[in-house]
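**Q** Please build the complex by placing chain V on the supplied structure of chain W, with the hints as guidance.
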Amino acid sequence: MTAATSRREWLLSEQPASRRQARLGQGYRTWLALRANPLAMIGLGIVVALVVVALLANAIAPYDPIVGGDLRTERLLPPSGAHPMGTDEQARDIFSRLVHGSRITLMVVALVAVIATPIGLLVGTTAGYFGGWVDSVLMRLTDIFLAFPRLILALAFVAALGPGIENAIIAIAITSWPPYARLARAETLTIRDSDFINAIRLQGARPARIIWGHVVPLCLSSVIIRVTLDMAGIILTAAGLGFLGLGAQPPQPEWGAMIAGGRRFIIDQWWVVTMPGLAIFVVSLGFNFLGDGLRDVLDPKARK
Amino acid sequence: MAIATTTGGRSRALPLAWKAVKLIASVALTFLGLLFVTFLIGRVVPVDPVLSVVGDRASQSVYDRVYVELGLDKPLIQQFWIYLQKVFTGDFGESFMTKRPIIDDIIRVFPATLELATLGVILGTLLGVPLGVLAAVRQGRLADQVVRVVGLVGYSAPIFWLGLLGLLVFYARLGWVAGPGRIDISYEYDIAPGTGLLLLDSAMQGRWAAFGNIFSHIILPASLLGYFSMAYISRMTRSFMLNELAQEYVVAARVKGVPEWRIIWVHALRNAAVPLVTVIALSYAGLLEGSVLTETVFAWPGLGQYLTNSLQSADMNAVLGGTLVIGAVFVGLNLLSDLLYTLLDPRVRRRA
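First to last, the protein sequences are chains W and V.
Our numbering applies: residue 1 is where the first sequence begins, and numbers increase by one.
Our numbering applies: residue 1001 is where the second sequence begins, and numbers increase by one.
Possibly wrong hints are sitting among the right ones.
Pairwise CB distance ranges, derived in the manner of DEER restraints [said to hold, decoys possible]: (1) W/Arg72 / V/Leu1336: 57 to 63 angstroms; (2) W/Pro78 / V/Ala1328: 45 to 51 angstroms; (3) V/Asp1190 / W/Phe265: 29 to 35 angstroms; (4) V/Ala1314 / W/Leu202: 53 to 59 angstroms; (5) W/Glu89 / V/Trp1261: 55 to 61 angstroms; (6) V/Leu1174 / W/Gly45: 31 to 37 angstroms; (7) V/Leu1168 / W/Val52: 30 to 36 angstroms; (8) V/Lys1074 / W/Asp268: 55 to 61 angstroms; (9) V/Ala1328 / W/Asp268: 54 to 60 angstroms; (10) V/Ala1020 / W/Ala205: 39 to 45 angstroms; (11) V/Lys1256 / W/Leu141: 50 to 56 angstroms; (12) W/Leu71 / V/Ala1314: 30 to 36 angstroms.
Rather than coming from a laboratory, the hints here were simulated on the basis of the structure.
Cβ coordinates follow ideal geometry from the N, Cα and C atoms, glycine included.
So that you can see chain W by itself, here it is in the shape it has in the complex:
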């Protein structure tokens, strides 16, 4: 028996000897199921590529993303060997800008997830755990935010806070948490009356401790899947805000803003608009494929 097969057997063991083994085994099974789904693997590949490109942007990008080349001879060049995606109206290499723009995209996605997930979890678990009027008030608040179309509410917030990438992130986060709160509440309702929660309560734990220590961890996995599914929507909203001039400001290489910048040249210099749009499309497709696959694997109800 080789080391690899014994490790596999250890992972897939029906009688895990430790909590760690059980957890790792569960993760391995998820991975095996995910690996069998080609679309999910394509998605995972795209997301990993995005992270790698963002990390190594300085090494990958052949030119500076902000400072262009010679304005007389290098403006709006079509794609070629020297400039694989052409250049824009300020003689900047579009490929290099896209590579650096991946950092902005990744930052938006990560920050929105980091801000919106805890808010959603906190509101949802609190509402579900206490029930009664707390539940009514918090869920009514959630419904109000859900009642607005997301992009419109984000637009209004950015209009109030002023344009900029930070405010765009805040606005998207403010509009993203309600579905997570709904989900966390539903999960909380199913576990709130279980014996282990009652046992902790009888030991004298305060609600805050029960919620954060025992309810939140159980809601976390389903909320995280939902956040992954939402990533594409977050990217598209950020790009839309950028396109309207309310997101990242020039000269930052934000993909949506790059499309807006290329609008004037679309008839003759199609690549200025096409390339950043392709980047947005590929990345959000990646997140959608991955999210779809994750849901199939982790949610048996959706699989049928």
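**A** Showing chain V alone in chain W's frame:
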């Protein structure tokens, strides 16, 4: 469920009326919350509302007078109350950009958005439902995968980007459709003012040349919106149909020898139609959101473009008015889909 119906006498006696009251109360609350959010956004704007009225060279006494006139000296709650009264009488203030009451502006631009979104949702339904049924019937096979990928592409592509590419290919290169805008200037005065829905107006007045021109303008943005709603509708149709096709009545129908096409299109689809109505209403609401970006790309003189233009000129009253109207339509469509659901599904009606 059983316990609730035997003990809750009130809900058994007047199920529909009670449900309606609850629904209306919750909608009213949501709407109030919506108003409060827009009110708060209006208050946190870094732009000083007094300065935008008097300009920055006004003397202190003028400034103070306008400050009081605008009611800014009153407590926040009282200001909110005044805001509520104004909104309910249709007074959203005056646009800084057009110098007209915002409600007039919105009434003027809304038909354009309505026309676009309606055509979009019609196209999306006509394509999405058959595709979803096809995917459900061929579950796991090639057709299912194709429909799934087409849907995911719709979920992933930035709508403004597809719009720009559509303009480039179908307008600039191929010349199949007319370009940005709703109608060519040469036809603009051909049509007497009517509903504001130009396709309808021109058809009713028999101006077929103008109708053709309008159609050529609207077909590209409407197909674009239609594609996005198709992505959503086909996905939901697939899942509803899978649900129905697994039911026992389908097996019973098969055993009886009912032809397969009849089982799919008559028996199963009719049952799937109930939740589908909700989905279609929701995707209609979603198109209002999509219209903001689409209208910007296609220079479509609707609510979305009004909103973005106001944003760009920092016309806060207009932005909040537009946001509020879109929010209200959104809430209204949600309510409508709830009501339709209750009306169409006898099980829900009884359970209420």
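**Q** Work down the list of hints and note, for each, if the structure agrees.
**A** Checked hints:
For the hinted restraint 57 to 63 angstroms between W/Arg72 and V/Leu1336, the CB-CB distance of approximately 59 angstroms keeps it satisfied. At about 48 angstroms, the CB distance of W/Pro78 to V/Ala1328 agrees with the hint of 45 to 51 angstroms. Between V/Asp1190 and W/Phe265 the beta carbon distance is about 34 angstroms. The supplied range of 29 to 35 angstroms therefore holds. The supplied range of 53 to 59 angstroms is met by V/Ala1314 and W/Leu202, whose beta-carbon atoms lie about 58 angstroms from each other.
At about 56 angstroms, the beta-carbon gap between W/Glu89 and V/Trp1261 stays in the expected band of 55 to 61 angstroms. Checking the proposed 31 to 37 angstroms range against V/Leu1174 and W/Gly45 shows it holds: the Cβ atoms sit about 35 angstroms from each other. A C-beta distance of roughly 32 angstroms is found between V/Leu1168 and W/Val52, which places it inside the suggested range of 30 to 36 angstroms. As the Cβ distance of V/Lys1074 to W/Asp268 is approximately 57 angstroms, the hint placing it in 55 to 61 angstroms holds.
Between V/Ala1328 and W/Asp268, the C-beta spacing of about 43 angstroms breaks the proposed range 54 to 60 angstroms. Taking the beta carbon of each, V/Ala1020 and W/Ala205 are about 43 angstroms apart, inside 39 to 45 angstroms as hinted. The given range of 50 to 56 angstroms is respected by V/Lys1256 and W/Leu141, whose C-beta atoms sit roughly 52 angstroms from each other. Take W/Leu71 and V/Ala1314: their Cβ atoms lie about 32 angstroms apart, and the range 30 to 36 angstroms holds.
The earlier numbered hint that this structure contradicts is number 9, and it is the only one.
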